[in-house]
Structures are given as C-alpha cells and as structure tokens.
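These two chains come separately, so use the hints to put the complex back together.
These protein sequence lines map, in sequence, to chains A and B.
Reading the first sequence from the start, the letters are residues 1 to 490 in the numbering used here.
Reading the second sequence from the start, the letters are residues 1 to 383 in the numbering used here.
Just so you know, the hints here were simulated from the structure itself, not pulled from any lab data.
There's no promise every hint is true.
Unchecked claim - Computed footprint of chain A on chain B; a stretch qualifies when at least three of its residues, placed anywhere within it, have a C-beta under 8 Å from a C-beta of chain A:
#	segment
1	24-33
2	90-100
3	150-161
4	164-173
5	298-305
6	347-355
To be verified - Pair by pair, the computed Cβ-Cβ distance ranges are:
#	chain 1	residue 1	chain 2	residue 2	range
7	A	R298	B	V238	37 to 47 Å
8	A	P301	B	L164	39 to 49 Å
9	B	F284	A	A86	39 to 49 Å
10	B	S219	A	H33	49 to 59 Å
11	A	S357	B	V238	58 to 68 Å
Note that the Cβ used here is the ideal one computed from N, Cα and C, for glycine as well.
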Amino acid sequence: MATSPSDDLQPYDLAVIGAGPAGLAGAVAAADHGLRCALLDAGARPGGQYYRHPAPELGAARPDRLHHHWSVFTDLADRLAAHVAAGRIDHLAHHHVWTAEAGEQWRLHAAVGADSARSAVISARAVLLATGAYERQLPFPGWTLPGVVTAGGAQAMLKSGLVLPGHRVVVAGSGPLLLAAAASLTAAGAAVPAVVEAGDYLGYARRPGVLAAVPGKLVEGAVHGAALARHGVRLRRGSAVVRAHGTDRVTGVTVAALDARWRPVPGTERRIECDALAVGHGLVPQIELATELGAATRAVPDGTVALRVDGRQRTSVPGLWAAGETCGVGGAELAIAEGEAAALAIAGAQPPRALLSRRRRLRAFAELMAASHRPGPDWSAWLRPDTEVCRCEEVPVSAVREAVQELGAGDPRTVKLLTRAGMGWCQGRMCGPAVACLSGDGPQKPDSRPLSCPVVLGELAVLGESAELGESAGLAESAELGEPAGRPEN
Amino acid sequence: MLTRPSHDVVVIGAGVVGAACAYYAAEAGLSVAMVDRGPVAGGTTGAGEGNLLLSDKEPGPELDLALLSARLWTELAQQLPAAVEYEPKGGLVVASDPERHSALRAFAAGQAAAGVKAEEVPGERLHELEPHLAPGMAGGFLYPQDAQVQPALAAAHLLRAARLAGAELYLGEAVTGLPTGPDGAVTGVRTQRRELAAGAVVNAAGTWGGELAAMAGVSLPVLPRRGFVLVTEPLPRVVRHKVYAADYVADVASGSAALQTSAVVEGTPSGPVLIGASRERVGFDRTLSTEVLQRLAAQAAGLFPVLAGVRVLRAYRGFRPYLPDHLPAIGADPRVPGLYHACGHEGAGIGLAPATGLLIARQLTGERPELDLAPFRPDRFPA
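Same shape as in the complex, but just chain B (with noise of 0.2 Å):
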C-alpha cells in the first residue's frame, strides 16, 4: 500500500554523507526522511577508515571544506556519544630524504596560508612523536588538526540524533524512481514500499551517486575507485599518529586509473592498527589483489618495522566515489529544481560530511552558505 507522508526533504543514501544531511536539516528544523537500499553505513563509510585529515589537501575549495568540517567535527564530538571514537590524534607526514622533505616544507607552507596548523619536526625528534617509526627518516610535519572517527558508528549515531529530532528512517528500501511535476522539479522519491512527496530531494548516494542522477534524467560521472585496508592483530598503542609518507599527497591528486598505494598507518581505541589507502580504478571487481597487500604491507613496514612481525588478521575493500576533478558535488542541481547533490568526495567523505550537510541545509533553508558551493557545482561537467 502506497503512503504519502509529505516531508521538506528525503536523503537517499544512509552513508556518513547523507546521515549529516539529514542531521544539520532536521537541525534546523526541516520535516525529513532518509532512504536507503541497505542498512547505515552499508556502502563506502562501512569500509573507510575514518580519516579525518587537513594534511593531505593543498589550498582550494575541498580544503576550505575540510577547515569548516574539521571544527564541526570538534562540536559533533561533544554531542555525539563516546562511541563514535572521535580522536584528534593528529598526522605525522614523514618524508624519507631531503628532497622529499623540502617538497613538503613547501606544501605545508602553502597550507599553512591557508589556515592549517602544521608543525615541521626534524628527522631526530621523530621518534619523540612515534617511537616505533624506522630510524633514518629525514624529517615530517605534525598536523594536529588530523583526527580519526569510527566511521560506520559516526554515520549512525549522526542518524540516531537526526530521528531524535525528527528525522524519519526507511532502511533497507531501494529508490525505484523520482518523480517529478509538470514543470520538472523532482516531487519526491519513489522505493519499493512507498512514496514520499518531498520539495526537495538530496542526492547522498556516494559510488552510486551517478546511477540516482541519472533517475532524475542528469549525468554526473561518479567512478568507483577501489580501495583496500589491511587490519592487524590487536597490539598495545605502537601507532600514535596518522602516519603516512610524503606521496600519499600525490597519490590523492593523481586521476591515473593505475593502482597507487601509500601507506597511511595508524591505531585505533580497539587495538588493531589500519594500514589503508590503496587506489585503483577498476569498477566493482571486490577480488582480493595481492599485489594491493604486499604494497601497503611493505610501505608500513618500512614506516614501521616492528609491524612486519604482527600478523594481519583481515582485509577489506571499499569502493571510493570519485568524480574527475576530485571535488565532490555538493548543492542544488540546475538542470532539475528540487534535486540536490552531496556525492563524490572520494577517499574524504568522512572529514568532509560535517560540512556538506551543513552546506545542504542552508541552501535547503535558504541561508547563506559558510562557503562558496560554485567549485562543487554538481553541472560543472561535461554532459
């Protein structure tokens, strides 16, 4: 039987993204709905590692995002309970040789224009930082504004807050369409069980994000870009920091379809150390690569010896949406009245949740933006 609650808005996507889209609209007193083909944090956030990083950005629009995100993580931290792991333990990027080294001086003080806070540590102090880092590194940056979440606990605690304000949960309903008014605006989201009469209509759906754009007859050219995480024995706290190596930078930046892998290594509250961040475009393949492993094994035992003696006790692999340009879309589509976009932040979609959905409700409420949403324009590609 057909339902027709009516609401000012339905999230479609139940991931980190959507779960704060609906959090800062019910926040700000909209009527709201989220839809979802599968439980919380069934897609990509079930598989990131939490990563809520200022150090890997160079100045421009998705580093003025993770600015705004990364103080409204510190305030989310405070509402949210303790579950949610939210730790600013902040990044160590170390840099191998002198060359390296100086590459970095100047991208952090690039950063640092920009209003991140990083701090150069000598190759001799390293070991003040992380004590179990192998000896003979040049030198590093501290980032203390880097902090770590659980992500699937993040998503899902941001969306038990959302339903304590309001906010209805239809899980486990996959979208079969968006209707739309004689004018073309989209009227609301069609699922298998109901349908919801909504003004407006948020597109947070990550890797799939273009599949749901295209519902609403518009192109948005989301790729999956694959990613593994290795997951070690439990161990006492050998990782301090997010440590990762100079070239992870590059690795982020790059558009090459060709595997990247560097190492970024860390602890977590649990015990196991996460050793992540692969990359590699290659559709939906969920086949294990054992060429993935022994690289990010290999980069974090050369960043820390001791781990080469610990075993690995699981691997997981999670599927990154990426748009071209490497910016998300964020905001109201203008080729469709109603329909808006928080997809495609990539490999950052936890850090930069916060302040999508915050940016989502104000132009929901009509109030201005912290930012400017123009570099995150959902047409801004090619059809």
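This is chain A alone, in the form it adopts within the complex (with noise of 0.2 Å):
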C-alpha cells in the first residue's frame, strides 16, 4: 500500500449526510466493510433528532430514561467511535449541506461550525442521503402564542435539556409521536389533561396481517400505551385542537370533534386548560438534496412527498442512495435496516435475508401507519382569516386566500410569490404543506429549496479558492480534500 501524501487526499469511497439512525446505521455498516466515509451531520453529537441527548455538561445522570431501544444506539455509538479512532470514519459534525453536485466524485457544500460562518467542500464518490425529516404542521387559531411548541419540538427540549414546556401539556395533531411525546412529558413529571388525535388508528386494526408482522411495534404501542394509561392521560381520537386561547401565553385550548374530512363537528368543542400545548401533524421526509438533482419522488399514504428507491436503496440520481425518513417517515427501526441496507449495496456486499426481510415487513407498516394520519381534506375549516399561516413573513390565511381566488395563483410556488408564505428563514418547512392545501394543488409536489440551508454570502464568494469548479479530479480536488474540516478563515 502506497504511503504518499496525496493517498491521504483521495475523496471518500462515501459521504453521508445525516447522523440520526439511518445515516449511523449506514456509516458504520459501510465502515465494517472497508469503505472510508465520511458522516457529516448539521448538529454537535451523533443520534440525530431521534437519539437527541443531553450535551455531556448537563450531567445528565440516564438520558436512556427518555428512549426506547437506547442500547441500539450506543452501539452505534460504539461502533462509530472505534471506526473514527481507526481512521475509517471522519465523523464531521457541524457540517450543514446546503448543496450537492452530483457527478463520479460528488461534492458536497457544507456550512461549517455551530453558528454555520465557515464552509467546506467534501468530495466523495457515493452519497447516502439519510437528511430525515422535519415536523409538519398545520396552522390553527392561536398556534403562535407562547407555550405552543411542536410535539417534536417538546421531545427535543426533554431530550437533549431536560426542560418541560409546562405543567400541564396538552399534546395534539396526528401520528405515533404524539404517544410518545406524551409518555416522555408525563415521565418527566409534567401533566398531560389530554392526548388529541385527529386520525383514527382503525386503519391499523384494518390489516391485522401487517402488524402482526412487527411485534415490536405492538409492544412499542402498549408500552406507550400503558404508561399513559398510569398517568391518566386521555386519548381522545377523531379529534383537534381548533384554538389556542390566552394572550401572553397559551392558558387553555379548545378542542373540537372532527368529521371523517377533519372539519371539525358544531356542538361538540370543549375547553381544556393547560399551560402549555405540543402539537404536530407527522413528519415531512427532508428531501430537497436530492430533488434539486432532479431524483425521482412517491407520494406517501400519508400525503407527504418522498424519495423513490430500488430495492438497494439507490435513488433515481447515479451515485445517490438514500434511507430512512428520506424514503418515507417510517420510525428509527426501519431507518436502520434501511441504512444499513444502503450501505451493504455500495460495499457491493449481500444483504443478509433477514435484513431485507425486515426492512420489508417495517416499511409496509410504515405505509399503513402513514395512511393513517394523512390530514383530512378538509382540514382548513377550523382556520379564520386572521389565523397565520406563514409566522416567518407574517402572512395571515386571508391574504392566501386572495391570491388564490383573486389573483390566479394556482399552486404553492406562485403563492408564495403573491403572498411572501414560506419565504423567510426556514423556507417554508413550516407552512408549506398548509399553503399547498390552501392553494388546492392536488397531490404535493417537494419544494424547491437550491440552497437547502443559509449559507454567509462571503463563504460563497470564495468557494472557487480552494478547488476550481468544474474541473475534474487532480490537485484542485486534493486542495479540497487536505481540509476536510473546512477550509481557514481569512
């Protein structure tokens, strides 16, 4: 084996992007096979949003009191570590991809360092694309006050600062986060008056096969299930919050009964006071990497758009595989077969049968739960003119709606255009799947997002410096390489 210098400054055999569940999964198993990754993930410390933790500082004395399957994680963690000591893994934290460049060798834009001021370019010659997902929501009557936060978002602060959102949380939306969220807040010593879930889980009763066929996620469910039941918390299905009452901070919401379109029921609103709410509607694959190279999409049951892929995990663009939330919101479990699947392939390795066995058997749950939880049509009744429906720009249901009615714009993007929705800082994340509603477009389409984070314009101005874009592979590339942590201010 050659031991000169520029052996150091070949591009890696593969760069993940992502290291939740999928992304770890897939480096470490990549790594066993001899392949030289790189795992580049936005946030400090591996596990993503799923594993999220507490920083070491805080001390915490069993992060694992907030997880399920913890020691699936910290043997990944394991893992990782011995290939990051070994030099196999150049685990790159705080490197934020705002663009990818598709190609024999792929080079990847990051955004570098906790406040994203520096940047990086990491050339690689395969790409997993295991990005996740992010919450969706739908707006409603008083869902900015002080005290709403997404049910994600009241998981995060538990997970990773130990911090209640309040004492007395109601948590709200659809789909099976809702559960957990509940489980972790009442663990964590808060009241939970009340579970409000909009879907119906018949749906899972309907394809009894299905379930049977993950036992795991039964027991997930009753575990939940269970602890809820402890505390005493209610889970009262067919139902949504349709307002938050208060006027410094959330005191109560009014909770309403919905039809099967989700158009909530005259007659049937109750009032619940709480001081704090956590809702959420699912998840949204975070996908735009990948489509703003143009790679194939499906839609999902659960009205979500995600990346289409073969039974490898190869999506549609040459070089690019993708697992996890990114194929489709399916939980941390089906991530991991799915990352690890990847990986395997682009090793050229086998996959072991019971692998793909249960990547199957998982993602066809995943579809049936996704079904699910898919908002109704008519969701949007419950809005008032007045109700925000992009809190970044400000832009209130009315001023959407006149754009639509009004001025012909038929579809998110010229929304956007006429009424600012989804313009501001993050990019429409937050309102987009309620502009695409309100602008009646049909099935959603993924957003177009070509920087998928803020980059410093003055990092942009020399992105040339360091290697010569465009041209092909040689000591511009390896310029690049020599500085995989990014290249020095100046």
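Shown next, in the form of structure tokens:
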C-alpha cells in the first residue's frame, strides 16, 4: 500500500449526510465493509433528532430514560467511535450540507461550525442521504402563542436539555409521535390532560397481517399506552385542537370532534385548561438535496413526498442512495435497517435475507400508519381569516385565499410569489403543507429549495478558491480534501 | 364538453407580457380570453427581479420600447394597487476604474441623445447616493428613470384589472392546438378542456413561445437563457438604488452561450437584498450552479463589502426567452393571418411588458402604434 501524502487526499468512498439512525447505521456498516466514510451532520453529536441526548456538560444521569432502544443507539455510537479511532470514518459534526453536486466524484458543500460561518467541500464517490424529516404543522387560531410548541420540539427540549415546556401540557395533532411525546412528558413530571389525535387508529386494525408482522411496534404502542394509562392520560381520537387561548401565553385550548374529512363538528367543542400545547402532524421527509438534482419521488399515503428508491436503496440519481425518513417516514428501526441495507449495497455486499425481510415488514407497517395519519381534506375549516399561515413572513389565511381566488395563484409556488408565504428563514418548512392545501394544487410536490440552509455570502464568494469549480480530479481536488474540516478563515 | 365562446382575441401566457396584452386589449374594448397551462406568473415572470431598466439599453429599437414602457409603468403605478411594489428608485451604474468610467460616459451620452436621463456622479460623491458602496470607485451614472416592481404581483394585478374589464381567465389549461380556417388563418385556441374561437391569437408564451409558434407551423427561434438570483436575509435599507457595475451592459448584449455574471444589487420593500443577473445558455437545466453562486456573491460583495457577512437564504433560477438578435418578437405574423407574437423579451420582459401590450392592442384595433414595429417583426429570422 502506497504511503505517499496524496493517498490521504483521495475522495471518500462514501459520504453519509445525516447522523441520525439511518446515517449512523449506514456509516458504520459501510466502514465495517472497508469503505472510508465521511459522516456529516448539522448537529454537534451523533444521534440526530431521534437519539437526541443531553450535552455532556449537563451531566444527565440517565439519558436512556427518555429513549426506547437506547442500547441500539449506544451500540451504534460505540461502533462509530471505534471506526473514527481507526481512521475509517471522519465524523464531521456541525457540517450542514447546503448543496450537493453530482458526478463520478460528488462534491458536498457544507456550512461549517455551530454558527455555520465557515464552509467546506467534501468529495466522495457515493452519497447516502439520511437527512431525516422535519415536523409537519397545520396552523390553527392561536398557534403562534408562546407556550405552543411542536410535539417534536417538546421531545427535543426534554431529550437535550431536560426542560419541560409547561406543567400541564396538552398533546395534539396526529401520528405516533404524540404518544411518545406524551409518555416522555409524563415521565418527566408534567401533567398531560389529553392527547388529542385527529386521525383514527382503525386503519392499523384493518390490516392485522401487517401489524402481526412487526410485533415490536405492538410492544412499543403497548408500552406508551400503559405509561399513559398509569398517568391518567386520556386519548381523544378523531379530534383536534381548533383554537389555543391566551394573550401573553397559552392558557387553554378548544378541542372539537372532527368528521371524516377533518371538519370540526359543531357543538362538540370543549375547553381544556393548560399552560402548554405540544402539537404536530407527523413528519415530512427532508429531501431537497436530492430533488434539486432531479431525483424521482413518490407520494406517501400520509400526504408527504419521499424519495423513490429501489430494493437496494438507490435513488434515480446515479451514485445517490437514500435511507430512513427520506424514503418515507417510518421510524428509527426502519431507518437503521435501510441505512444498513444501503451501506451493504454501496459496498457491493449481499444484504442478509433477514435484514431485507425486516426492512420490508417495517416499510409495509410505515405505509399503513401513514395512511391513518393523512390530514383530512377539510382540515382548513378550522382556520380563521386572520390565522397566520407563514410565521416567518406573517402571512394570514386571508392573503393566501386572496392570492388563490383573486390573483390566479393555483399552486404553492405562486402563492409564495404573491404573498411571501414560505420566503422566510424556515424556507416554507413550517407553512409548506398548509400553503399547499390552501392553494388546492392536488397532491403535494417537493418544495424547490436550491439552498438547503442559509449560507454566508462571503463564504459563497470564495467557493472557488480551494478548488477550481467544474474541473475534475487532480491537485485542485486534493486541496480541498486536505482540509476536510473546512477552509481556514482569512 | 366543448364550449364555444367567441372572443376577439385569445392571449396565451399569463406572465407579465401576456397580462399586459390582455390588460390593454380589454381596456381597448376587445373581448379577451387568457389561457395558461399553469398559474399566473408561472414561468419566467415569477423568476424575475422586476427590473424596469433604461440604463442598460443602448440607443435603438429596444430603448425606444423601454422609454415608452417606462412612461406606461408610471401610469400603471397610479392605477394598480400599491401591492405591486412599484419603486422609482433609480439605477446607479458604477465604474471601478477611469477607463470603464469614460466608456460609461460615452454610453450615457448616446442614451441621453435618445431621451434617457443620466447624471454623472463623480467617484467622491457616490457615497452620498450609496453609503455602503465599496470605496475607490472611479465614478458612475445615476439613471433616475430606472425603477422596480414585484413582477409576479405586477402580472397578477394586471390580469385582475383585465378581468375587471371583462377578460376571461383559463388558468391551468395547456394549449393543445391552434385551429386554422380554409385560408390558413388562425381561428382560435384549443386547450385540454375547451375550444376558444377568436379572430386573433397572441403568443405570449415567453420562453416556450417557439413551441407555440411551431403549433401554428411557423418558426420563432426562442431559446432559454438561464439566470440565477440570490436572496439575502431581510436587511435594513443598505442598498438604495439598483446598483450594478458597468460590465453588465456588455453581458446583456452578448450572444455567447458561456456563463456571464455581473451582479445587479438591489434592496426590496420586504427587506431582502436581491443579487441577480447571471446569463448562460444551458437549455432548461435547473441544476444549481455553484460557479454562478460564487461569481454573483463575489461581485455583490465587491460592490457592497457589508454584504459579505450576511446570509443568503434562497436562490432561484429562471429561463429568459432569448431571440438571436436580443429583440423581442412583437406584432402580427405575416406568415399566419390572425397570429400575433409578444415574446422573446429575454431579461427585460417585466420592463417592456406595458409597451408590448399597448402596441399589440393598437394592432388588434387597427390603430396606429406609438412605435414602428418593423424591428420586432416575428418573421425576421431565417427559417
């Protein structure tokens, strides 16, 4: 084996974007098979949103208390540490990839550092996209009040900072995250007067075969259910929080029963006092790095758009694989199976049959669950004209409706152009599903987001300095690879 | 089911040019139908910056069109709601060295002879106009007639006004054919859902105008010329005018397929600064080009060093409808009776839309147009 310095400057065999369950599993499995990997993540520590855990400085005694399958994570984290120590994986924390350039050699552009003030280019022969998902929000009157947090945000506050959003927390929205959030909140000492689930779980029961094939999911549900029952938490199905009350802070919510199309049923409203509301309607795959390259997508039964992958987790873009929530939201267990399957495919190894069949069963369950938590077509009936849809740009429902009814906007892009909804900091991640629904454009399409995250202009301005853009391998490439953690500031 | 309403004119294309055609035709008392396969401003208009520029145009037919348009935009600004964000902010063209400054001076003198207002600004006075401009510039020219609108809102409100004047809108319907009569004249428009009989059809399909012309059996060589725009985080008013370097003019006039960038920097009423104007011919490739981003960012920071520290939140791209001689096609097509063209405005469509719409309306009503349309003849290119 040659030992000249240039050997250290080769592109990675694989760059994994995202260090959540799918990315972690993918990186360690790929390294197990001899691939040299870069594991990039916007966060400081591996684990992603799912295995979020307190910073070491907090000295948390038992981070596992808020996690199921914590040992799965610690096992992955240990294997990662071993590979990092052996030089097989470079764990590039605080690397937020904002665009990917496809090719024989991929070039990933990342904003670097906790403040994203620096930048780096990472070259690799293959890319595994494991960027996970973000929470789906459906607005309602009062949702911008302090004390209203996202269900995932409440989980994150607990997992990373051991902070409660309130003492008496209503949990609402749709999807399995609600039960998990409620269980975590009660375990941490909060009262949860109600879990308000808009969907119905009957969908699961209609396909007992699929359920029986994933006994782990039944156990998980039973554990949450038992924990909630112990704390006297009431689950209201087919209902939604249609209004949050309060002036400086939420003091209560109005809950109403929904009809099959999610239209509130008049006369069913009830008020529940609380000092916080954790609300979310499931997760939306975060796929713009791939869709900006033209990757094929598919419509998921929950109303979201995910990447289309084949049996080996390959996207339609050569050299680009995807795993986990980017392929359709399905939870950590599925993400780990898919990350591992993708890594084996990239390494040219044959995935074990057991792995493939586990993945198939979990994916089937995910699709079934997705169908149960798809927002009903008339959920927007609970909106009022002055309800803000886009919080970043403060765009009310009335402005969106005017754009559609008076100004000829027939799709979310045009609504955005005419109202500024989705033009703010979050780039429509918060309001996208609501705007899509209000613009009546049929099935949701992936959002166009050429920059996956904000980039400092001065860093864009010097992009070409470490390597002549557009040129293939050679010295120019080695210049950037010599500094995988980023170009020095000047 | 096919319905057969009768119209004087069907306008194809709900971008700003088509909207202006529909607006002026309806104002002239014609019965108008507007068809687009997508929503309003779904093509190049929605990807534009809203530049209403005289400063970048050399004397000639396009400048004449732009001067007429600038006058019409001031009228429209009175008639349309404030939401269109019309801002007569003026343009400031800066030269980094004395050589470029004297070239700019000669360019401005020619424009002034054609009726453009241009005031020379010596280097030491540039900071009175733009406090954050990089020091050391040789000088510049202020063009007070340069202005800005929010292009999608401008198109939408022009269309709303046209509808109030009686125009009918059929959005989300692709045109599938242009039926002709025994004499070869276009007799209307066929869409996915209906047939609209009309004595005249206006091709305002922008970058897709060549495809539409082909439906009528004629050639119009419209090509896409890609552009990227960077959008920063919202900022206080750090940029007051439309500011660009003198090199921009050469890029606009170039026919090269290769990438050209010269940043045009401007603030917006909503706060973000827009940095625009890359030009390259790469077909309809939507892939983000980091080289374009790099160049635009470097040039913007060169003009306004303070921008180096701000965050770019978004980037978007569009495809300008480009004709080989950089002039739009405006007016009746002598090859196909009843067919009119109003497309191929490249990057100047927002600015040139009102004049285009008015001239088309004049032709449709048989009135004398304000300008000689000969330079814009749609059949001027060899087939």
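Using the beta carbons of F284 (chain B) and A86 (chain A), state whether their distance is inside 39 to 49 Å or not. 47 Å, holds
Looking only at beta-carbon atoms, does the pair P301 (chain A), L164 (chain B) fall within the given range of 39 to 49 Å? 43 Å, holds
Verify this for me: three or more residues of the segment 24-33 of chain B with a beta carbon less than 8 Å from a beta carbon of chain A. violated (count 0)
With 37 to 47 Å as the target window, see if R298 (chain A) and V238 (chain B) comply at their CB atoms. At 44 Å between Cβs, range holds.
Go ahead and decide if the range 49 to 59 Å is satisfied by the Cβ distance of S219 (chain B) to H33 (chain A). Since the Cβ atoms of S219 (chain B) and H33 (chain A) sit about 57 Å apart, the hinted range of 49 to 59 Å holds.
Report holds or violated for chain A covering the segment 150-161 of chain B, Cβ cut-off 8 Å, minimum 3 residues. holds (count 6)
With a Cβ-Cβ cutoff of 8 Å, does the segment 90-100 of chain B contain at least three residues near chain A? n = 0 at 8 Å, threshold three: violated.
Residue count check for the segment 164-173 of chain B against chain A: does it reach three with CB-CB under 8 Å? Per the Cβ count (3), the hint holds.
At least three residues with a C-beta closer than 8 Å to a C-beta of chain A: is that true for the segment 298-305 of chain B? Contact hint for the segment 298-305 of chain B vs chain A: holds, 3 residues under 8 Å.
With respect to the beta-carbon atoms only, verify the hint that S357 (chain A) and V238 (chain B) lie 58 to 68 Å apart. Distance hint for S357 (chain A), V238 (chain B) holds at roughly 59 Å.
Between the segment 347-355 of chain B and chain A, see if three or more residues pass the 8 Å beta-carbon test, and mark the coverage as holds or violated. violated (count 0)
Checked against the numbered hints listed earlier, the structure breaks hints 1, 2 and 6; every other hint is satisfied.
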